[in-house]
Every structure is written in structure tokens, then in C-alpha cells.
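Participant: Residues per chain, in single letters:
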Amino acid sequence: MADTVQDAELVRLAQAGDAKAFEALVVKYQRRIARHVARYVKAAGDVEDVVQETFIRAYRGLASFRGDSAFYSWLYRIATNTALTHLQREPGEVLLGDDAPEERADAFEPGVSDAEDPERTLFAKQIAEAVQRALAKLQPELAEALMLYEVDGKPYAEIAGMLGIPIGTVRTRIFRAREFIARRLEPVLEPQRPRRW
Amino acid sequence: MSLNVSLLLDSQLALGEVKPALDVIVADPRLRDRYTVYGLVGDVLRGNSTPDDGFSTRIFERMRREGVRIEKDFDPSKDG
Chain Z
0 MADTVQDAEL VRLAQAGDAK AFEALVVKYQ RRIARHVARY VKAAGDVEDV VQETFIRAYR
60 GLASFRGDSA FYSWLYRIAT NTALTHLQRE PGEVLLGDDA PEERADAFEP GVSDAEDPER
120 TLFAKQIAEA VQRALAKLQP ELAEALMLYE VDGKPYAEIA GMLGIPIGTV RTRIFRAREF
180 IARRLEPVLE PQRPRRW
Chain S
0 MSLNVSLLLD SQLALGEVKP ALDVIVADPR LRDRYTVYGL VGDVLRGNST PDDGFSTRIF
60 ERMRREGVRI EKDFDPSKDG
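Sequence order for the protein chains is Z and S.
For the record, in the first sequence the residue sitting at position 173 is 172 according to numbering that gives the first Met the number 0, with numbers rising by one throughout.
For the record, in the second sequence the residue sitting at position 4 is 3 according to numbering that gives the first Met the number 0, with numbers rising by one throughout.
It is worth saying that the hints were derived from the structure and are not from the lab.
As the structure is a computational prediction, the values presented were derived from the model and not from experiment.
Treat the hints with care, since some could be wrong.
Under the rule of at most 20 Å between Cα atoms (straight-line distance), these lysine to aspartate or glutamate pairs were calculated in the DMTMM-like manner [what the hints assert, rightly or not]:
| id | chain 1 | residue 1 | chain 2 | residue 2 |
| --- | --- | --- | --- | --- |
| 1 | Z | Lys-136 | Z | Glu-185 |
| 2 | Z | Lys-124 | Z | Glu-185 |
| 3 | S | Lys-71 | Z | Glu-140 |
| 4 | Z | Lys-19 | S | Asp-32 |
| 5 | Z | Lys-19 | Z | Asp-2 |
| 6 | Z | Lys-19 | S | Glu-16 |
| 7 | Z | Lys-153 | S | Asp-22 |
| 8 | Z | Lys-124 | Z | Glu-189 |
| 9 | S | Lys-18 | Z | Glu-185 |
| 10 | S | Lys-71 | Z | Asp-116 |
| 11 | Z | Lys-41 | Z | Glu-143 |
| 12 | Z | Lys-19 | S | Glu-70 |
| 13 | Z | Lys-153 | Z | Glu-143 |
| 14 | Z | Lys-124 | S | Glu-16 |
| 15 | S | Lys-18 | S | Asp-32 |
| 16 | Z | Lys-136 | Z | Glu-178 |
| 17 | Z | Lys-41 | Z | Glu-89 |
| 18 | Z | Lys-153 | Z | Asp-2 |
| 19 | S | Lys-77 | Z | Asp-2 |
| 20 | Z | Lys-19 | S | Glu-60 |
| 21 | Z | Lys-19 | S | Asp-27 |
| 22 | S | Lys-77 | Z | Glu-89 |
| 23 | Z | Lys-19 | S | Asp-22 |
| 24 | Z | Lys-136 | Z | Asp-116 |
| 25 | S | Lys-18 | Z | Glu-140 |
| 26 | S | Lys-77 | Z | Glu-185 |
Sequences are here, hints too, so could you generate the full structure?
Facilitator: As C-alpha cells, this is what we get:
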């Protein structure tokens, strides 16, 4: 519910001309949409094209978003249609019903052109290792809150109930956990910083 | 202020807090970067590691290059 309300506010701001509000939505959902598109489209380069097209179509059609459904659900449908249109135009692509679309989606990493780009693959591995190292040094109560949210998908209110702490404490613990990890990731991520939002 | 980055990412801000927080974040390269990196951390924890080599930036560059605008009568759910 929180996603729906806040995303709707970001859409409202974007509709009123604040392009940065739409960019915040793109950054937030880009990887989720990419993994969804990868269920339909095989080549990593084509996935990126379809994701770009999805967000462009979403922005062009933003006036038609009424907030009757969650923004992500709306975006998801656009991504599905865009991917299917791509498949109709690219006869060489593999359609739904392919042997293991879920596995293909799980393996997709935006910006990574699969194993043919060992440098990117190595960089992704370095990031994953740095996050794991930071996680191992994180205070247990911070790690617990972050993992419940990010991995188990628990809402803040439920985490507060599970841990017997106020929701404000959940907010600060998740933030402090992210910041702790982000600081330890800085040396690894620095080379690509200029290319990020 | 990075707390608001975390709260914006998780949709935890109150309605009236969204615009002021967004304005501060987009104006500060460090906070903008945190917004991306916090999201990246979550993806890595879920087993979806990625170098994040400018994926979103390329989307924005294409939108600017093509002069993409909000169109009153465009229905994005129709075939493209």
C-alpha cells in the first residue's frame, strides 16, 4: 500500500513536469522490469532495448495513469506488451514456453552482456563479495532488519511487530544497515559512479 | 538526509514529504548515488548482483535524445 501511495505521488509530480520524479521511479524499478522482460527476450542487449522502450512508453503515456492500480502493476503490463511486440518483430527470438524462462530471468543482470563480458561479470562478483563482507561485519540487529525487509520481503510494520520495536526504529535500522554497506562498497563502485544516476 | 533516501526507496515517506525529499536528493549527487546504491544492495542480497553500469542513465539519455514527452492521448498499453 505504501508503494502505491508514494509512487502515485511521484507520478503526480512527473505529470506536473518534474522529470526527476519519473527518474526516481525508473531507478527504483529498472532491475525488476529487466528481470521480467528477460522472461520473454533472450539476448541481454535486446532486454535492455525493451526495458528502455518500456520506460519511454510509460513516460509518454503517463497522462493515462489514473492510479487505479499500483504504478508497478501498470509498468509491468507495459513491459509485457512491449516484450511481446518485440518478439513479433524478431522471429529469431524465443517465445514464452521456452524451456526455462524463470531461470533465464534470474540469471539476467542489467548491463551485463552475459559471460561474453568477463570484466563486467567480475565486477558484479566483486560487488557481491563486498556486500557479503560488509554484511558479516554489520551489527546483528541491523542485519536482521535489513534481511527481513530485502530478502524476506516483510513490510516495515510486520518487522516492527516481529522484533518488538517501534516502526521508527525499523526505519533507522534499515537505513543504518544500508549506509554501512554502501560505505564499504564505495571503493568497489567508485569507477562507475559517474555513470550512475 | 540519507535516511530520507532510504525511506523514499521503500515508500515510507508521508505524502507531503515526498516532493521536498526528492528535491533535496536530486540536487545532491551523493544522495542520488545513495538512492541507486541502496537499491543495488537489496538486489545483491536477493542474489541479483549487477555492476550497475549506467543502465538507468542510458534510459534517460535516450529519452533526452529522442525528446520524449508526456502525450495526452498516448495509450502505452496498446501494441507499440
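Participant: Evaluate each hint against the coordinates.
Facilitator: Evaluation of the provided hints:
1. Between the alpha carbons of Lys-136/Z and Glu-185/Z the distance comes to roughly 16 Å, so the proposed pair stays at or under 20 Å and holds.
2. Between Lys-124/Z and Glu-185/Z the CA atoms are separated by roughly 15 Å; this keeps the pair inside 20 Å, and the hint holds.
3. Proximity of Lys-71/S to Glu-140/Z is assessed by CA-CA distance (about 49 Å); at most 20 Å being required, the pair is judged violated.
4. Taken as a hint, the Lys-19/Z and Asp-32/S pair is honoured in the structure, with Cα atoms around 14 Å apart against an allowance of 20 Å.
5. Under the criterion of a C-alpha separation no larger than 20 Å, the hint pairing Lys-19/Z with Asp-2/Z is consistent with the structure, at around 18 Å.
6. Between Lys-19/Z and Glu-16/S the alpha-carbon distance is near 15 Å, which keeps this suggested pair within the 20 Å criterion.
7. The straight-line distance between the Cα atoms of Lys-153/Z and Asp-22/S is roughly 28 Å, outside the 20 Å bound, and the hint therefore fails.
8. Using a Cα cut-off of 20 Å, the hinted pair Lys-124/Z and Glu-189/Z holds, with the two alpha carbons roughly 15 Å apart.
9. Distance restraint check for Lys-18/S and Glu-185/Z: the Cα-Cα separation of roughly 28 Å exceeds the 20 Å cut-off, and the hinted pair is therefore not satisfied.
10. Of the pairs offered as hints, the one joining Lys-71/S and Asp-116/Z is violated, with about 41 Å between alpha carbons and a cut-off of 20 Å exceeded.
11. Distance check on the hinted pair: Lys-41/Z and Glu-143/Z sit about 36 Å apart at the alpha-carbon level, beyond 20 Å; violated.
12. This hinted pair checks out: Lys-19/Z and Glu-70/S have alpha carbons roughly 17 Å apart, not beyond 20 Å.
13. Distance hint between Lys-153/Z and Glu-143/Z is fulfilled; the C-alpha atoms sit about 11 Å from each other, no more than 20 Å.
14. With a C-alpha separation of about 36 Å, the suggested pairing of Lys-124/Z with Glu-16/S is violated against the 20 Å cut-off.
15. Among the hinted pairs, Lys-18/S with Asp-32/S is consistent with the structure: their alpha-carbon atoms are about 18 Å apart, no more than 20 Å.
16. Restraint check for Lys-136/Z and Glu-178/Z: satisfied, since their Cα atoms lie roughly 13 Å apart, inside the 20 Å limit.
17. With a C-alpha separation of about 11 Å, the suggested pairing of Lys-41/Z with Glu-89/Z holds against the 20 Å cut-off.
18. The suggested pairing of Lys-153/Z with Asp-2/Z holds, with an alpha-carbon distance near 13 Å, which does not exceed 20 Å.
19. About 25 Å separates the Cα atoms of Lys-77/S and Asp-2/Z, which puts this hinted pair outside 20 Å; it is violated.
20. With a C-alpha separation of about 13 Å, the suggested pairing of Lys-19/Z with Glu-60/S holds against the 20 Å cut-off.
21. Distance check on the hinted pair: Lys-19/Z and Asp-27/S sit about 12 Å apart at the alpha-carbon level, within 20 Å; holds.
22. The hinted pair formed by Lys-77/S and Glu-89/Z meets the criterion: a straight-line CA distance of about 18 Å does not exceed 20 Å.
23. Taking the CA atoms of Lys-19/Z and Asp-22/S, the gap is near 8 Å; set against the 20 Å cutoff, the hint holds.
24. Distance check on the hinted pair: Lys-136/Z and Asp-116/Z sit about 31 Å apart at the alpha-carbon level, beyond 20 Å; violated.
25. Annotation: proposed proximity of Lys-18/S to Glu-140/Z is violated, straight-line Cα distance about 31 Å (limit 20 Å).
26. Of the supplied pair hints, the one linking Lys-77/S and Glu-185/Z is violated, its CA atoms being roughly 42 Å apart against a limit of 20 Å.
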